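Enquirer: Quick note, the sequences are listed as chains A and B, same order. Each residue of the first sequence is one higher than the one before, starting from 1 at the first, in our numbering. Each residue of the second sequence is one higher than the one before, starting from 1 at the first, in our numbering.
I should point out that these hints are in silico values taken from the structure, not numbers from a laboratory. No experiment lies behind these values; they were computed from the predicted model shown. All C-beta atoms, glycine included, are put in the ideal place defined by N, C-alpha and C. Just to be clear, a hint being listed does not mean it is correct.
Said to hold, decoys possible - List of simulated lysine-lysine pairs, DSS-like, C-alpha gap at most 25 Å: (1) Lys94/B <-> Lys52/A; (2) Lys49/A <-> Lys6/B; (3) Lys34/B <-> Lys94/B.
As the list claims (entries may be wrong) - Label-pair restraints from in silico Cβ distances: (4) Arg169/B <-> Arg33/A: 30 to 38 Å; (5) Lys51/A <-> Gln5/B: 18 to 26 Å; (6) Ala64/A <-> Gly51/B: 55 to 63 Å; (7) Gly68/A <-> Thr171/B: 23 to 31 Å; (8) Thr37/A <-> Met243/B: 31 to 39 Å; (9) Val21/A <-> Met243/B: 55 to 63 Å; (10) Gly41/A <-> Gly123/B: 38 to 46 Å; (11) Leu66/A <-> Leu52/B: 17 to 25 Å; (12) Gln5/B <-> Gly23/A: 24 to 32 Å; (13) Lys51/A <-> Val105/B: 25 to 33 Å.
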Amino acid sequence: MKCYICAKEGKDTEAVAICIVCGMGLCMDHVIREDVTLWEGGYPFPSEKVKKTLPRILCPECYAALEGG
Amino acid sequence: MANIQKRCLAEFIGTFFLVFMGAGAAAITLMITKGTALPNTFNIGIGALGGLGDWLAIGLAFGLAIAASIYALGNVSGCHINPAVTIGLWSVKKFPGRDVVPYIVSQLAGASVASLLFAAVVGMNAVTVGGLGATAPFPTIGYLQALVAETVGTFLLMLAIMGVAVDKRATPGFAGIVIGLTVAGIITTLGNISGSSLNPARTFGPYLGDTLLGGTNLWIYLPIYIIGPILGAVLAALAYQYMTKED
């Protein structure tokens, strides 16, 4: 698979990851890794932050949408 | 997890709203029905206008305040807002012993401030007519009968909490509304028997408010609302744990 963003720019770059949201192939230059915080618990127990985060691979567009940008 | 100060503040706020809205609704009902011809000696005012509908309205005032508090504060402290629930969870090792006393003190404080603020907002009729919504056995209901009623009611409440919230198999997101409606239903039936406190803090706050503001002294009935709810909650927690334990 090729990087979708590079392909649109006329470049031919191998993808190293896929956006978890839209499925876009991404090269190392365009991939964004976001660590999502997880919580467990809730009524009737206080919520606790889970020690390990959940890694997410996103493209720049989906990352911007996630961040509300 | 939030630190103990933040969790205690959440318990204070949650119990405050439970008493201000719930016990407040009972006091307001008594104020509305003052002077109404009562249908019989079993009736002290609540139920004079709408029968069990009066109790359902009071139950919903409690239940919706509880549901709102659970959704708003459940992630912070667990939103027990009831010493019987805190002790019930502790009895089955679902809650740490070191946090039991701070939680209960916060709940009692929240309930007390709610009663005093309610009196300040409504006026002295809330104390002299409404009794700040304090609970006591109703006419013809004995001390032991009221205690059993409180035990049975809190047993059902705690059973619902165990099944809807504590059990990992429970569907997420429903606890608040189910617990709130459960409380409303219990109050509809038990209201005119024992007052349907189900919660030592809910009774303590109005009792303290009535005492400080010159209302009726009901402290003799306090053991009903301490022993009954705690007994019911512990029995329900133990029974649920036994019934769901894998063989």
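Enquirer: Taking the beta carbons of Gly68/A and Thr171/B, is their distance inside 23 to 31 Å?
Expert: 29 Å Cβ-Cβ, so the 23 to 31 Å window holds.
Enquirer: Is it true that Lys51/A and Val105/B lie within 25 to 33 Å of each other by Cβ?
Expert: 31 Å, holds
Enquirer: Hint says 31 to 39 Å; check whether the CB-CB distance for Thr37/A and Met243/B agrees.
Expert: At 36 Å between Cβs, range holds.
Enquirer: Has the hinted range 38 to 46 Å been met by the Cβ atoms of Gly41/A and Gly123/B?
Expert: 42 Å, holds
Enquirer: How does the Cβ-Cβ distance of Gln5/B and Gly23/A compare with 24 to 32 Å: does it lie in that range?
Expert: The hint (24 to 32 Å, Cβ to Cβ) is violated, given that Gln5/B and Gly23/A are roughly 46 Å apart.
Enquirer: Take a quick look at whether Lys94/B and Lys52/A sit within 25 Å of each other, Cα to Cα.
Expert: 23 Å, holds
Enquirer: Take a look at whether the Cβ-Cβ distance between Leu66/A and Leu52/B falls inside 17 to 25 Å.
Expert: 50 Å, violated
Enquirer: Take a look at whether the Cβ-Cβ distance between Val21/A and Met243/B falls inside 55 to 63 Å.
Expert: Taking Cβ atoms as reference, Val21/A and Met243/B lie about 43 Å apart, which means the hint is violated.
Enquirer: Starting from the range 18 to 26 Å, see whether the pair Lys51/A and Gln5/B falls in it by beta-carbon distance.
Expert: With a Cβ separation near 23 Å, Lys51/A and Gln5/B satisfy 18 to 26 Å, so the hint holds.
Enquirer: Given the hint of 55 to 63 Å, is the C-beta distance from Ala64/A to Gly51/B inside that range or not?
Expert: 59 Å, holds
Enquirer: Arg169/B and Arg33/A, beta-carbon distance inside 30 to 38 Å?
Expert: Holds, at about 34 Å.
Enquirer: Lys34/B and Lys94/B: Cα distance at most 25 Å?
Expert: At roughly 45 Å apart (the allowed maximum being 25 Å), Lys94/B and Lys34/B break the hint.
Figure legend: structure checked against the earlier numbered hints; hints not met, in rising order: 3, 9, 11, 12.
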